[in-house]
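Visitor: In case you want the letters, here they are:
2 protein chains.
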Amino acid sequence: MVIHAQCYPCFLRQVLSVCDVLKAGEEEKKAVLVKVMRYLVGAPTDVPPPYLSREVYNIISKEFGVDDPYREIKKASNKMALRLYPELKKRVKESEDSLYEAVKVAIIGNIIDFGASQDFTLEDVDLFDDIPIAINHYPELKERLERAETVLYIGDNAGEVVFDRVLVEELVDMGKRVFFAVRSKPIINDATKEDAEEAGIDEFAEIVDSGSDAPGVVIDRVTERFKHLFRDADVVLSKGQGNFETLDDVPREIFFLLRAKCPVVAEKLGANIGDIIILRGGRVCHGLLL
Amino acid sequence: MVIHAQCYPCFLRQVLSVCDVLKAGEEEKKAVLVKVMRYLVGAPTDVPPPYLSREVYNIISKEFGVDDPYREIKKASNKMALRLYPELKKRVKESEDSLYEAVKVAIIGNIIDFGASQDFTLEDVDLFDDIPIAINHYPELKERLERAETVLYIGDNAGEVVFDRVLVEELVDMGKRVFFAVRSKPIINDATKEDAEEAGIDEFAEIVDSGSDAPGVVIDRVTERFKHLFRDADVVLSKGQGNFETLDDVPREIFFLLRAKCPVVAEKLGANIGDIIILRGGRVCHGLLL
Numbered sequence: 001m002v003i004h005a006q007c008y009p010c011f012l013r014q015v016l017s018v019c020d021v022l023k024a025g026e027e028e029k030k031a032v033l034v035k036v037m038r039y040l041v042g043a044p045t046d047v048p049p050p051y052l053s054r055e056v057y058n059i060i061s062k063e064f065g066v067d068d069p070y071r072e073i074k075k076a077s078n079k080m081a082l083r084l085y086p087e088l089k090k091r092v093k094e095s096e097d098s099l100y101e102a103v104k105v106a107i108i109g110n111i112i113d114f115g116a117s118q119d120f121t122l123e124d125v126d127l128f129d130d131i132p133i134a135i136n137h138y139p140e141l142k143e144r145l146e147r148a149e150t151v152l153y154i155g156d157n158a159g160e161v162v163f164d165r166v167l168v169e170e171l172v173d174m175g176k177r178v179f180f181a182v183r184s185k186p187i188i189n190d191a192t193k194e195d196a197e198e199a200g201i202d203e204f205a206e207i208v209d210s211g212s213d214a215p216g217v218v219i220d221r222v223t224e225r226f227k228h229l230f231r232d233a234d235v236v237l238s239k240g241q242g243n244f245e246t247l248d249d250v251p252r253e254i255f256f257l258l259r260a261k262c263p264v265v266a267e268k269l270g271a272n273i274g275d276i277i278i279l280r281g282g283r284v285c286h287g288l289l290l
Numbered sequence: 001m002v003i004h005a006q007c008y009p010c011f012l013r014q015v016l017s018v019c020d021v022l023k024a025g026e027e028e029k030k031a032v033l034v035k036v037m038r039y040l041v042g043a044p045t046d047v048p049p050p051y052l053s054r055e056v057y058n059i060i061s062k063e064f065g066v067d068d069p070y071r072e073i074k075k076a077s078n079k080m081a082l083r084l085y086p087e088l089k090k091r092v093k094e095s096e097d098s099l100y101e102a103v104k105v106a107i108i109g110n111i112i113d114f115g116a117s118q119d120f121t122l123e124d125v126d127l128f129d130d131i132p133i134a135i136n137h138y139p140e141l142k143e144r145l146e147r148a149e150t151v152l153y154i155g156d157n158a159g160e161v162v163f164d165r166v167l168v169e170e171l172v173d174m175g176k177r178v179f180f181a182v183r184s185k186p187i188i189n190d191a192t193k194e195d196a197e198e199a200g201i202d203e204f205a206e207i208v209d210s211g212s213d214a215p216g217v218v219i220d221r222v223t224e225r226f227k228h229l230f231r232d233a234d235v236v237l238s239k240g241q242g243n244f245e246t247l248d249d250v251p252r253e254i255f256f257l258l259r260a261k262c263p264v265v266a267e268k269l270g271a272n273i274g275d276i277i278i279l280r281g282g283r284v285c286h287g288l289l290l
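Going down the list, the sequences are from chains A and B. Residue 38 in this note's numbering sits at position 38 of the first sequence, and the numbers go up by one each step. Residue 56 in this note's numbering sits at position 56 of the second sequence, and the numbers go up by one each step.
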C-alpha cells in the first residue's frame, strides 16, 4: 500500500515518540522535526509508509548519534514476554485447536509496541478473547499449513517474538521446517536477530536476515536468501502492520496476522482500529493468487 | 506561548481537517501537505502557534482558490447556536449569580469548533455542569468587572459568538460599555464581523476589527483602534485557546475564558484536556500585573 495523507502527521508523531525515548529537549525535538520535514518534502509519495519511516528513523539516529534507541525497551519487552511464556504455552496446549490458539497468541503479541510494553500482563492476554476478529481466514491458513513442508515466518517487534515462538513451536510440532525472518538493522522496536535469539526462536527455526532496515519488508532490497525463501516457501506468514504495508501488494499468497493499529490500515482492511486480522492476502495475478 | 514540538504534527492534522471540509482528494491532500511542510521547515520556531497557523491556512486557501472554506459551517454554527439562545438566556436569568452563569455559558460556547458544531444540543450544555473548572479566578474577575466602565471582549469562533452574546448582554445590563473584537479576515472557523452580526452582538456592543488574520491576536499587527482599546479598557476578556496562545505573555492583565483543547495548552495551564479555565493572566511586570 502507498503512503496516505494521514501518514504525514503520524510520521511527525513517531519522531516525537523516539525523541521521548531519547529524552530529547524541546529545542532538540523541533530541530529534528525540521530535518525530518525537509526530507519528507522531497520524498516519494507513492511508496509504502515504512520506506519513509526508515529514512525518518535514520535522520533521528544520526541527529542524536544513537544507533538503537529502543535497545533497552526491546530487552525489557523480551524479558516481560518470556515471563508470560509458560502461561501462553499452557493456553495453547489446553485448547481444542492448538494451532488456532497459537495463531491467536501470536497476534496477541502484536499489541506489544513501543514503551508501553512493560505493562503488558496476563490479564491483557485474557482480555484478548473479547477483541473482534474482523477478518478470519484461519480455515484457509490451516488447510495450507496441513499441506506445507516449509514456512517463512516474517517477524515484527521485540517482545512479540516470544509470542511468535509459541506459534513457531506449534508449526515445528506439526512437522514443518520454519524460517524466521528478522530485520537486518535496528529500526524502532522491530525484532532483530538478537531479539529472536533472546526469545529462543533459534532453537526451533532458522533465523533469516531479511535484508530490511525498514519497519517492514522493502521487497527490492531483501537478501538473496530471503528472496529464495519468499518465493519457494509453501506458506508465508507475515506479522504486524509494517510487514502488511510493504507486502500487501506483492504477487504471492501471504497470510497476514496483525492487529489494525491505525485508521489508514483499518480502513484498507474494512476493519476497526484494534481488530484482529487473519488475512489471506497478496496481490491477485490473472485472477489467481500465485 | 511559543510553538511546542507537539504542534508540528498538529499543524499537519489541521491541514487534513481543512482538506476534508474542501472534500480534497488523496493526491491533493499530499500536495498541500508537502507545501505546508516546505513552509514549516523555514518558519520561526519561537512564535505562538497561531502565527504559523495563519500561514498554513493561507497556503491551503491559495492551493484550492477558496478564501473562506468554513463559510457554510460558520453560518450553520451561528444558526444552531441562535436556536439555543433563549434557553441560555433563561439559564442565566434563573441563576443565583447571573454573571457567573453567563461566564460559564460563554465558555460552554468555546466547545463549538469545526464541523462538529452542528450536533451541539441543549443536552451538551447541561452536561457542562459536570466538567471540572481547573482554574477559577471568577472572584477576581467579578471584582474587576464591578469597578470597570469599559470591557474589551476578544471573540473566538463562529457559533460560540452567540454564547458570547449572553455574557456581553449581562455586562451591558451591569452598565458596562463593551467592545467586541473579531478577526479581520476569515481564518478557519473564527468569528469575523459577519458572524458577530449574525449573532446580534452589534445590538449590544461595538464590533471592533482586531486587525488579526490569525486564529489568535498577533499583537504587533493589530489595528490602532484595537491597540488603544487593549491598552485602555478596564477589563480585557479573551475567549478560547488561540487568543490565549498569542496573548498569555502580553504585559497587561487579561481574563482568559477557555477550555483546554490540546495537551500543550493543558500542560501549560496545569489542567487536563477538556477542563474549563477562568484565568487571570497576562505577563507579570516588576512583580505586578499591569
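Note that these hints are calculated values from the structure, not bench results. Every value quoted in this text rests on a predicted model; they were computed, and no experiment measured them. Treat the hints with caution; some may be incorrect.
Identical copies carry no separate label here, and so any pair may be met within one copy or between two of them.
[Stated by the list, open to error] As a list, the in silico DSS-like pairs of lysine-lysine whose alpha-carbon atoms are at most 27 Å apart:
id	residue 1	residue 2
1	K142	K30
2	K93	K79
3	K23	K268
4	K90	K75
5	K35	K62
6	K30	K268
7	K23	K261
8	K89	K35
9	K268	K29
Visitor: Hint by hint, say whether it matches the structure.
Guide: Results of checking the hints against the structure:
1. K142 / K30: neither (49 Å within a copy, 41 Å between copies)
2. K93 / K79: within (22 Å within a copy, 63 Å between copies)
3. K23 / K268: Answer is between: at 19 Å across copies they meet the 27 Å cutoff, but 34 Å inside does not.
4. K90 / K75: within (24 Å within a copy, 62 Å between copies)
5. K35 / K62: both (11 Å within a copy, 25 Å between copies)
6. K30 / K268: between (32 Å within a copy, 18 Å between copies)
7. K23 / K261: both (25 Å within a copy, 25 Å between copies)
8. K89 / K35: Cα proximity of K89 and K35: none, with 46 Å in one copy and 52 Å across.
9. K268 / K29: Cα proximity of K268 and K29: across copies only (18 Å, versus 32 Å in one copy).
In summary, the numbered hints that this structure violates are 1 and 8.
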